[in-house]
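Trainee: Below are the chains, spelled out letter by letter.
Protein chains: 2
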Amino acid sequence: MRIVVPVFDGFTSLDAIGPYELLRMLPGAEVVFAARSTAPVTDDAGWLTVIPSATLDATASADVLLVPGGPGASRNLGNEALLEWIRRIHATTRWTTSVCTGSLLLGAAGLLDGLTATTHWSAAGKLASFGATYTEQRVVEQPGGIITSAGVSSGIDMALRLAELAAGRVAAEAFQLAIEYDPQPPFDSGALSKASQEAKDYLAAR
Amino acid sequence: MRIVVPVFDGFTSLDAIGPYELLRMLPGAEVVFAARSTAPVTDDAGWLTVIPSATLDATASADVLLVPGGPGASRNLGNEALLEWIRRIHATTRWTTSVCTGSLLLGAAGLLDGLTATTHWSAAGKLASFGATYTEQRVVEQPGGIITSAGVSSGIDMALRLAELAAGRVAAEAFQLAIEYDPQPPFDSGALSKASQEAKDYLAAR
Numbered sequence: 001m002r003i004v005v006p007v008f009d010g011f012t013s014l015d016a017i018g019p020y021e022l023l024r025m026l027p028g029a030e031v032v033f034a035a036r037s038t039a040p041v042t043d044d045a046g047w048l049t050v051i052p053s054a055t056l057d058a059t060a061s062a063d064v065l066l067v068p069g070g071p072g073a074s075r076n077l078g079n080e081a082l083l084e085w086i087r088r089i090h091a092t093t094r095w096t097t098s099v100c101t102g103s104l105l106l107g108a109a110g111l112l113d114g115l116t117a118t119t120h121w122s123a124a125g126k127l128a129s130f131g132a133t134y135t136e137q138r139v140v141e142q143p144g145g146i147i148t149s150a151g152v153s154s155g156i157d158m159a160l161r162l163a164e165l166a167a168g169r170v171a172a173e174a175f176q177l178a179i180e181y182d183p184q185p186p187f188d189s190g191a192l193s194k195a196s197q198e199a200k201d202y203l204a205a206r
Numbered sequence: 001m002r003i004v005v006p007v008f009d010g011f012t013s014l015d016a017i018g019p020y021e022l023l024r025m026l027p028g029a030e031v032v033f034a035a036r037s038t039a040p041v042t043d044d045a046g047w048l049t050v051i052p053s054a055t056l057d058a059t060a061s062a063d064v065l066l067v068p069g070g071p072g073a074s075r076n077l078g079n080e081a082l083l084e085w086i087r088r089i090h091a092t093t094r095w096t097t098s099v100c101t102g103s104l105l106l107g108a109a110g111l112l113d114g115l116t117a118t119t120h121w122s123a124a125g126k127l128a129s130f131g132a133t134y135t136e137q138r139v140v141e142q143p144g145g146i147i148t149s150a151g152v153s154s155g156i157d158m159a160l161r162l163a164e165l166a167a168g169r170v171a172a173e174a175f176q177l178a179i180e181y182d183p184q185p186p187f188d189s190g191a192l193s194k195a196s197q198e199a200k201d202y203l204a205a206r
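Residue numbers (our numbering), protein chains in the order written: chain A, 1 to 206; chain B, 1 to 206.
One chain only, chain A, in its complex shape:
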């Protein structure tokens, strides 16, 4: 079970690490953080630096492709080498997945044309520009093994579903217990339809 996660400067850490923490428990899991080179890559906030484990060129196939988002994803929408790599890997996968604005990279690669998909709420319009129909669902499964998830933290929910598809429900439930994923957020502000105007204004002013 080979899980490949492309990383690039400006990726959002939790997009990648949330689902990674579950998928790494799949039987026989091997995880590759792949990048253009093996030079260190820094996330969107600028504080976390990771060392890729392989280059894109040296990474030819995957059972699961997991594409994270972040400002770095948006900056790479015209990166034809990366898009061509995504298409090439996708041809080998059982599941091609994205978290947050990682779906824009799938879209730019032409993989979402005519499909229903999701992304971070702030990127819904952009997603539609790639021929996808945006839906507010947290996790969207489509034919061809394409699964997109909404903003940042939604990748954790997606990975639980992926774990069920790959290893069965008991395994997925065991992984949920392992990471004690029994969410109890102190507020209910995690969706555009639930957040107060004050919270939206605060975010817009940052």
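No wet-lab data here; the hints were simulated from the structure. Computed from a prediction, not measured in an experiment: that's the story for all the values here. Glycine included, every Cβ here is placed at the ideal spot set by N, Cα and C. Check before you lean on any hint, since a few could be wrong.
The following residues of chain B were derived to be distant from chain A, with all beta-carbon distances above 12 Å [said to hold, decoys possible]:
1. Ala81
2. Gly125
3. Ser129
Here are the computed distance ranges between Cβ atoms for each label pair [as the list claims (entries may be wrong)]:
4. Ala91/B / Thr55/A: 40 to 46 Å
5. Thr55/B / Thr38/A: 19 to 25 Å
6. Gly46/A / Pro143/B: 33 to 39 Å
7. Leu165/A / Ala128/B: 35 to 41 Å
8. Asp201/B / Asn79/A: 42 to 48 Å
Based on the hints, put chain B in the right spot on chain A.
Mentor: Just chain B now, kept in the frame of chain A:
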């Protein structure tokens, strides 16, 4: 707002990255991933390697100390240099916090003696050996600014509460919206009291 996260070989990635993704949005946030040296550090699964941004010796104070867990935390319970560093930093913090078995490090440093605290469900007995009273709550706030959280993913809930304490409720709600934290796990197996016997058996047999 200086947030210091000690990292060590065998730390659990999501313990650190979940709360980081929220706390980094605090006004004026500066995040330091500190380690014994600035040599790369690899997580418990062995797939993610990060480059620390500072040494422990060069890190003298924090507003928030966030201690992740993982097998590497358990292996460091006798590391007197690390425990002394934790005590020294704690003397400077507004909040000293832990995720998962990071609480064992706080305990070994003597910070939890006589307090109520939490940890990953599998480490409850060990936590008690440091004079703490284990409680199954997801996030436990105690006098002196000590906040412990339960297994792995619970650090996200803790960070929302920390954000509220540090920057107010509207800010915390805005951060929740930014990471679209509107959890919808497909199963309800994230606590020992909720998981099936089959899921527990699966995990025990790994």
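Trainee: Now tell me, hint by hint, if it's right for this structure.
Mentor: For each hint, the structure was consulted:
At roughly 24 Å, the least C-beta separation between Ala81/B and chain A is larger than 12 Å, which holds for a residue marked as non-interface. Non-interface call for Gly125/B relative to chain A: holds, since the shortest CB-CB distance, roughly 16 Å, exceeds 12 Å. Distance to chain A confirms Ser129/B as a non-interface residue, since its nearest Cβ pair spans about 20 Å, more than 12 Å. Ala91/B and Thr55/A have their C-beta atoms about 45 Å apart, which keeps the hinted 40 to 46 Å range intact.
Distance hint check: the CB atoms of Thr55/B and Thr38/A are about 24 Å apart, consistent with the given range 19 to 25 Å. The given range of 33 to 39 Å is respected by Gly46/A and Pro143/B, whose C-beta atoms sit roughly 34 Å from each other. A hinted range of 35 to 41 Å holds for the C-beta pair Leu165/A and Ala128/B, which are about 39 Å apart. For the pair Asp201/B and Asn79/A, the beta carbons lie near 46 Å from each other, so the given range of 42 to 48 Å is met.
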